[in-house]
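Once you have looked at the hints, place chain E on chain S.
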Amino acid sequence: MGDPMRIRATMTGDVVDVKVLISHEMETGQRKDASGSLIPAHFITKVTAQHNGKAVLEADWGQSISKNPVLGFRFKGAAAGDKISISWVDNMQDSRTDEAVIS
Amino acid sequence: MRDRREFLQDVGRGGLLAALLSSGVLSASQAWAAERNQAAADAKTVDEALRALGATAPTVSEAIKLVTPEIAENGAVVPVSVTSEIPGTEAIALLIEKNPFPLVATTRILDGTEPYISSRVKMQETSKIIVLVRAKTGFFVTSKEVKVTLGGCGG
Numbered sequence: 001m002g003d004p005m006r007i008r009a010t011m012t013g014d015v016v017d018v019k020v021l022i023s024h025e026m027e028t029g030q031r032k033d034a035s036g037s038l039i040p041a042h043f044i045t046k047v048t049a050q051h052n053g054k055a056v057l058e059a060d061w062g063q064s065i066s067k068n069p070v071l072g073f074r075f076k077g078a079a080a081g082d083k084i085s086i087s088w089v090d091n092m093q094d095s096r097t098d099e100a101v102i103s
Numbered sequence: 001m002r003d004r005r006e007f008l009q010d011v012g013r014g015g016l017l018a019a020l021l022s023s024g025v026l027s028a029s030q031a032w033a034a035e036r037n038q039a040a041a042d043a044k045t046v047d048e049a050l051r052a053l054g055a056t057a058p059t060v061s062e063a064i065k066l067v068t069p070e071i072a073e074n075g076a077v078v079p080v081s082v083t084s085e086i087p088g089t090e091a092i093a094l095l096i097e098k099n100p101f102p103l104v105a106t107t108r109i110l111d112g113t114e115p116y117i118s119s120r121v122k123m124q125e126t127s128k129i130i131v132l133v134r135a136k137t138g139f140f141v142t143s144k145e146v147k148v149t150l151g152g153c154g155g
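Going down the list, the sequences are from chains S and E.
Residue numbers for the first sequence follow my numbering, beginning at 1 and rising by one.
Residue numbers for the second sequence follow my numbering, beginning at 1 and rising by one.
So here's chain E without its partners, still in its complex pose:
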């Protein structure tokens, strides 16, 4: 355990999260609950993102309701809504398999907040939309393929 002075220097340098991680107080899985998980955001594949999120072998679950169109005419604005019926849902992560950076959003479900999120996303091409749920009992996943006629990442 680092001494107090070194800990405070770490905070100054890298922020509280970095200091807590290097002092062993905060585990990698708790990184979901604090600052932005930049490693997950920078991941170029779904596998990389899942690893960075600490979800190595998520259980496929039908209790995650993912609503998306089957065909998205405009890949720039694809509506997505997610409701998790998994008890003890703590966070919901949305990924798009074939986007350059698959991790789209991570939402922490706070006390009193429903495990529900809806938004509109950009899809580069026909791809699977993947929802990862972190719950008290572990990691769960579901996915749906969305066909895209006009890609929306502009790249």
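In isolation and in its complexed conformation, chain S is listed as follows:
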């Protein structure tokens, strides 16, 4: 769903700094459309990241995360040239996984 995530993963010393931009409406379920009906909630509920088959991030999200979320996190144990993958699932069972190379 949506555009690919934009992932930037860079080494600073022995820490990988990851910044992700996700394309998602993050609809709260509180907004009303022009006819006054509630627009159904549609938001990412879980985000995970993996490096070399190991989970490096697990987050549960709610509808208060902004539309087109940005996410920043950091972890150790990786090197430039390694791949990381980021996945999300939303409350309507849409999901997406994107990969990036650590630079």
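Honestly, the hints are just simulated from the structure, not real lab data.
Bear in mind the structure is a predicted one, so any value in this text is a computation, not a measurement.
Possibly wrong hints are sitting among the right ones.
Here are the computed distance ranges between Cβ atoms for each label pair [what the hints assert, rightly or not]: (1) E:K147 x S:K76: 34 to 44 Å; (2) S:S37 x E:A63: 44 to 54 Å; (3) E:P69 x S:S23: 23 to 33 Å; (4) S:D33 x E:A63: 40 to 50 Å; (5) E:P79 x S:V15: 19 to 29 Å; (6) S:E99 x E:D47: 39 to 49 Å; (7) E:K44 x S:R31: 11 to 21 Å.
From the three backbone atoms N, C-alpha and C, an ideal C-beta is built for every residue, glycine too.
Chain E alone, transformed into the frame defined by chain S:
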């Protein structure tokens, strides 16, 4: 302790977490570490959310660094970053006091992952942003008020 067959039926019905909780194997506080804590996500007040997260009397701590703007021009995109300097940080939860559903996000800090998270959040109105840290030694909390000129929940 339920017998194996009943346990497996519970798994089929409600998922592994529900089965483990009802069989007494998994305690409520361990619910942070497994599946989504829906009760905390559905909580309509900070107190309700903290209770659902198992944090009844968190200690106020200056070792949680919460960076937010003092004034957010646009409540739809308020940047927040959190670094926990509490040793043995296991999870970080972000709450916005006056949002309809205060629990914003819960991040489990895995082995090798820094106790740091940054994101952008929606704020309905001027409100306290609260960070709850679950560490080996207990629960810790800090908060900051962020003034919002244009509310961002669209409700």
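Comparing the hints with the structure gives:
no.	hint	verdict
1	E:K147 x S:K76: 34 to 44 Å	holds (37 Å)
2	S:S37 x E:A63: 44 to 54 Å	holds (46 Å)
3	E:P69 x S:S23: 23 to 33 Å	holds (24 Å)
4	S:D33 x E:A63: 40 to 50 Å	holds (45 Å)
5	E:P79 x S:V15: 19 to 29 Å	holds (21 Å)
6	S:E99 x E:D47: 39 to 49 Å	holds (41 Å)
7	E:K44 x S:R31: 11 to 21 Å	holds (18 Å)
Of the numbered hints listed earlier, not one is contradicted by the structure.
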